[in-house]
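Peer 1: Each chain, letter by letter, is given below.
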Amino acid sequence: MATTYEPITTTTTSGNASSVTFSSIAGTYTDLVIIVNGGSSTAADLHIQFNGDTGNNYSRTILSGDGTSATSLRQTSVNYIRTDNQGYLNTTFPAATHIINIMNYSNTTTNKTTVSRASNASTGVDASFGLWRSTAAITSINLSPNAGTLTNGSTFTLYGIKAA
Amino acid sequence: MANTYIQIGSTVTVGSGGAADITFSSIPATFTDLKLVISSRSTQAGLGEANRISFNGDTTSGNYTQKRLLGVGSGAGSSQSQTLRESLFNVGSNATASTFANSEIYIPNYASANAKSVSIDTVTENNATEAYAALIAILWSGTAAITSIALVPETGSSTFVQYSTAALYGIKKS
Chain U
1 MATTYEPITT
11 TTTSGNASSV
21 TFSSIAGTYT
31 DLVIIVNGGS
41 STAADLHIQF
51 NGDTGNNYSR
61 TILSGDGTSA
71 TSLRQTSVNY
81 IRTDNQGYLN
91 TTFPAATHII
101 NIMNYSNTTT
111 NKTTVSRASN
121 ASTGVDASFG
131 LWRSTAAITS
141 INLSPNAGTL
151 TNGSTFTLYG
161 IKAA
Chain C
1001 MANTYIQIGS
1011 TVTVGSGGAA
1021 DITFSSIPAT
1031 FTDLKLVISS
1041 RSTQAGLGEA
1051 NRISFNGDTT
1061 SGNYTQKRLL
1071 GVGSGAGSSQ
1081 SQTLRESLFN
1091 VGSNATASTF
1101 ANSEIYIPNY
1111 ASANAKSVSI
1121 DTVTENNATE
1131 AYAALIAILW
1141 SGTAAITSIA
1151 LVPETGSSTF
1161 VQYSTAALYG
1171 IKKS
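In the order they appear, the protein sequences are chains U and C. Take the first sequence: its position 86, counting from 1, is numbered 86 in the working numbering, and each next residue is one higher. Take the second sequence: its position 15, counting from 1, is numbered 1015 in the working numbering, and each next residue is one higher.
It should be emphasised that the hints constitute simulated quantities derived from the structure, not laboratory data. This one's a predicted model, so the numbers in the text were calculated from it and none came from an experiment. Yeah, the Cβ is synthetic: ideal placement off N, Cα and C, and Gly gets one too. Just so you know, not all the hints are guaranteed correct.
Residues from chain U that keep clear of chain C, each with C-beta distances beyond 10 Å, as calculated [as the list claims (entries may be wrong)]: (1) Asn-37; (2) Leu-131; (3) Thr-139; (4) Gly-148.
Sample of chain U residues at the chain C side, in silico, Cβ under 7 Å [stated by the list, open to error]: (5) Thr-3; (6) Tyr-5; (7) Thr-157.
Given these sequences and hints, build the entire structure.
Peer 2: Here it is, written out as structure tokens:
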């Protein structure tokens, strides 16, 4: 049987990195999955930008639970997708897990959408949904905490899924 | 390219006598992440019931921290626990017949020497006003590689019913 779920690349952070970038992503898959397991020097949300686009071309909806209440956040025309809203990357290493799905990433007809799950048992759980208003194929992905630096040893792995 | 998303062992299918637990043991450390996919129903009265999870036989409640985002029918809320080890749901015995809960458990870096951060998505469905859906975060403070995973219905007398299934997958990053 053909392999349909393949690791593309993985990064284990060192040197107090401020971000991780996956570049030169081939268009040979159908969907992408990113698994993040790590922490940061201070409580931080994880941000995503595609193809180096830092413009206000993103929107996001984040459903959050902090152990006490459930909330929903909607933001449009912002300059990144956010996979959580409660600072899951923090000094409790490696308590944060992010699972990011990017659908139909290489098509050049439609805008790109993401579905993410973020967890930190000390902080909460989020489901995040993002839109990048671009019809370009995604060839690079930048992931960064919105504050501080990534804890050394944080892991970021990019997988490709083939429909056939 | 080598296959990197591989089932570990065989799918567990609960037989006609039911099962008090679903356990995967002797999990090799040769993968990067684990993913457990479960379809479950229990004998507990009601529409749904949580399971308690444990790793490597560690049932010390203080070793597990949990938060969850929960939908119950038309309401939403969030809860937390450091004692219950509550994980995915089963459909309960009062739910629509032949209906099972669907759940996924994802464990990154399960063989590392750090604490383990676990992500769980779970849903019960049935043809009633009330159903349950939850996103769950669990941190197990254990620093040993995970070699076994056990799920036990939260109510002591409850058991998994026939045709409940569980499959464990290993995922390699290279």
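Peer 1: Now tell me if each hint is right for this structure.
Peer 2: The hints, checked one at a time:
1. Asn-37: 4 Å, violated
2. Leu-131: 20 Å, holds
3. Thr-139: Holds, because the least Cβ-Cβ distance between U:Thr-139 and chain C comes to about 20 Å, which exceeds 10 Å.
4. Gly-148: 18 Å, holds
5. Thr-3: This interface hint holds because 5 Å falls under the 7 Å limit.
6. Tyr-5: 4 Å, holds
7. Thr-157: Holds. Min distance 5 Å.
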